[in-house]
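A.B. asks: Next come the chains, spelled out residue by residue.
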Amino acid sequence: MLVTTDYKDEAGDGFTVIASGPAPSGRTTVELRLPLLDLNDRQAALNRAHFRAQGITAFNLVSSPGSGKTALLERTLDEFAHAVKCAVLVGDLETDCDARRLRRPHAPVAQITTGSSCHLDAAMVAGGANALDLEGVRLLFVENVGNLVCPAAFDLGEAVRVVLLSAAEGEDKPLKYPPIFKSAQVVVVTKLDLVEPLGFDLATALDNIRRIAPQAKILTVSSRSGAGLSDWYAFLRTTLEAGA
Amino acid sequence: MHEIGIMSSTLAAVAAEVRRQGATRVERILLRVGALSGAEPAALQFAFAAVSPGTAAAGAVLEIELLPARAVCPDCAVEFEAGPGFITACPRCRRFCGELRQGRELELTRIEMT
Chain A
1 MLVTTDYKDE AGDGFTVIAS GPAPSGRTTV ELRLPLLDLN DRQAALNRAH FRAQGITAFN
61 LVSSPGSGKT ALLERTLDEF AHAVKCAVLV GDLETDCDAR RLRRPHAPVA QITTGSSCHL
121 DAAMVAGGAN ALDLEGVRLL FVENVGNLVC PAAFDLGEAV RVVLLSAAEG EDKPLKYPPI
181 FKSAQVVVVT KLDLVEPLGF DLATALDNIR RIAPQAKILT VSSRSGAGLS DWYAFLRTTL
241 EAGA
Chain B
1001 MHEIGIMSST LAAVAAEVRR QGATRVERIL LRVGALSGAE PAALQFAFAA VSPGTAAAGA
1061 VLEIELLPAR AVCPDCAVEF EAGPGFITAC PRCRRFCGEL RQGRELELTR IEMT
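Protein sequences appear in the order of chains A and B.
With this note's numbering as the guide, the letters of the first sequence map in order to residues 1 to 244.
With this note's numbering as the guide, the letters of the second sequence map in order to residues 1001 to 1114.
Simulated from the structure, these hints should not be mistaken for lab results.
A quick note: this is a predicted structure, and the numbers were derived from the prediction, not measured.
Check before you lean on any hint, since a few could be wrong.
Stretches of chain B that chain A covers, calculated by requiring three or more beta carbons in the stretch to come under 8 Å of a beta carbon on chain A [stated by the list, open to error]:
no., stretch
1, 1002–1015
2, 1050–1064
3, 1077–1087
4, 1090–1098
5, 1108–1114
Per label pair, the in silico range of CB-to-CB distance [said to hold, decoys possible]:
no., chain 1, residue 1, chain 2, residue 2, range
6, A, 193, B, 1040, 22 to 28 Å
7, A, 97, B, 1020, 43 to 49 Å
8, A, 207, B, 1078, 20 to 26 Å
9, B, 1065, A, 210, 30 to 36 Å
10, B, 1040, A, 82, 22 to 28 Å
11, B, 1042, A, 176, 16 to 22 Å
12, B, 1041, A, 193, 37 to 43 Å
13, A, 207, B, 1024, 54 to 60 Å
14, A, 103, B, 1042, 40 to 46 Å
15, A, 79, B, 1020, 50 to 56 Å
16, A, 133, B, 1078, 47 to 53 Å
For glycine and all other residues, C-beta sits at the position ideal for the given N, C-alpha and C.
I would like the entire structure built from these sequences, with the hints used as guidance.
C.D. replies: The following block contains the structure:
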């Protein structure tokens, strides 16, 4: 016997049980096909709809610790200044160091401290967004906890996922962390100014990115020298205009 | 290490279903986990052993079906399994393809109870 019923979880939201019924052995088998990150995915969908309704394009910046997410955002906030209103949610296990670095009179910034959690989830982003005055904001940057593993599984409701790889890391990093690079719409190679001094093989790194993340747009920048930043800004403007 | 959290929500859904069906015992739980889901089967098994005692799922068998990453080539319209290291090169034209057809799944698929 196959029956279809509505499943209700504790939040009272329902979804459909595909099939259930007693097996000959007296066992009851229930086919659920329930996404295990269902709660996060639903919150992410709410975030996405909320941002879209407010005309906000949200970016989720993911990378290893120390690959230059905050430095890139500092430059970006200064570039757009009053022309395009930006806001930042920045996640770390502890401290508000990054929020203090990013704070600008024209850009609301909130720090999310996750305690021991290794990634941001959609609920943290919703809480952080509620703490910000998003009036007039067009670009929202969510700087994830520095981690190339866990953030891959958590949709935050962003329009674009940006994965950063710095020249201070290995060229083979994209090959070592496939899930996060495969989930990227954009990969930004940062710290171009360190390519020479560190002997970073940029061509190999780019080749590795193309192999593992052929879907991703690739940009190369140095937040210190300013090289390549105009491409990053142009990408942000284009994405904003496209209403992504 | 977010497998504990994933397992906790899994067991909450299992408990709700056990109550709904009026069952007394969970015999078997099937999860389907994509190779690119970001969750590790061994860590999920560890999490299950750690958090299931005392819940409706205590003593049940946790079965995890690992789904390989599969991609599709936009030029050849060929669907294929990713090679070693999740490199998704089309077997026909060798182009690297970014459109995944399978591999991100992370679902509670089936519960068997008595």
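A.B. asks: Can you give the numbers of the hints that this structure goes against, from lowest to highest?
C.D. replies: Numbers 2, 6, 10 - these are the hints that the structure violates, sorted from lowest upward.
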